[in-house]
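> Spelled out from the first residue to the last, the chains are:
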Amino acid sequence: MINYNTNLQAQPPMSQEDLQRAMKGIRLQSPYGYKQNHQDVLSALGDANAAQYAVQAEKANADFGARKLQAQRDLALQGLQQLATSQQQGADLANARSAMGYGMVNNLLSGLFR
Amino acid sequence: MNNVYLNQPPVPGVSDAARRAAFNNNYAMAVAAGDPRFNAKQYDRAGMSRGGGQWQQAGVAGAQKMASGIADAYSQDAQTAAYNANNQLAGQQSQEQYAQQLAALQQQNAYAQAMAAMQRRQQSMNFVSGLLGGLLK
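From first to last, the protein sequence lines stand for chains A and B. Count along the first sequence from 1, add 2, and you get the number used in my numbering. Count along the second sequence from 1, add 16, and you get the number used in my numbering.
Don't read these hints as lab results, they were simulated from the structure. For glycine and all other residues, C-beta sits at the position ideal for the given N, C-alpha and C. Certain hints may be false.
[Stated by the list, open to error] EDC-like, lysine to aspartate or glutamate: derived pairs with alpha carbons at most 16 Å apart:
1) A:Lys61 with B:Asp93
2) A:Lys61 with B:Asp51
3) B:Lys81 with B:Asp32
[To be verified] Listed next, with one range per pair, are the computed distances between beta-carbon atoms:
4) A:Ala62 with B:Arg66: 37 to 47 Å
5) A:Gly81 with B:Tyr127: 13 to 23 Å
6) B:Pro25 with A:Gly81: 20 to 30 Å
7) B:Glu112 with A:Asp42: 47 to 57 Å
8) B:Ala120 with A:Ser112: 16 to 26 Å
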C-alpha cells in the first residue's frame, strides 16, 4: 500500500448525525386554526420530509466519497507516472554517461594504436 | 492533511435504514392524507353547510391523494435503488479503470527499463566490436 499526504478535504462538510439532529422535531403549523389543525397529517409530512432529507444527504455523502476516491486515484497515478518518468530519465542519464566513457576509451585506444 | 490509500473499497450508496425510513414515512404520509376529513375543507362554500356531496368529493380526493402518495413512495424508493446501482457500477468502473491505468504505467515502465538495458548492452558490444576490429585489422 502506498500512502500520500495531501491537502484534500477528508470529511464531508456536515456529518449525517448533525443533519439528523437538525431535522428532528420539525413540525409544520396548520394554517387552518381551530378544529382544523390536521396535526397528524402535518406531522407525517414533517417526518417524511426528514426521511427524504436523510436519503438526499446520504446520496450527497456518497457522491462526495466517490469524487474524493477518484481524486486520490488520479493523484496517485500522477505521482507514480512522475516517479516512472524520473526513473527513466535517470536511466537515460546513466546510459549517456557510460556512452561517453566508452567513446573516450575508444578514441584513446585508436589514437594510441594508430 | 490526510492520507491517500490506494485500492480502497467502492463508496457505498444510500443505506438500507435510510431507504426504509423514507419509504415508511412517505407511505404513512400518503395514508394520513387519505383521510376525508383532511380533504373536506377545500369543498366548503361560503354560506352553505357541508352535505353528502362535499363528503363524497372529499372521499374521492383523499383516495386519489393516498393512491398517488403510495405510488410516489414506491417510485422514490425505486429511484434510490437505481442511484445505488449506478453508484455501484460507477465504483466498479472506476476501480477497473484505475487498475488498468496502473497496469499500463507498470508496463510502460518495464518497457523503458528493458530499452535502457538493451542500450547499455549495445554500447558495450559496440565497444568490443571496435576493439576487435582494431586488433584484427
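> Now, for every hint given, state plainly whether the structure supports it.
Verification of the hints:
no., hint, verdict
1, A:Lys61 with B:Asp93, "13 Å, holds"
2, A:Lys61 with B:Asp51, "33 Å, violated"
3, B:Lys81 with B:Asp32, "26 Å, violated"
4, A:Ala62 with B:Arg66: 37 to 47 Å, "46 Å, holds"
5, A:Gly81 with B:Tyr127: 13 to 23 Å, "20 Å, holds"
6, B:Pro25 with A:Gly81: 20 to 30 Å, "21 Å, holds"
7, B:Glu112 with A:Asp42: 47 to 57 Å, "50 Å, holds"
8, B:Ala120 with A:Ser112: 16 to 26 Å, "45 Å, violated"
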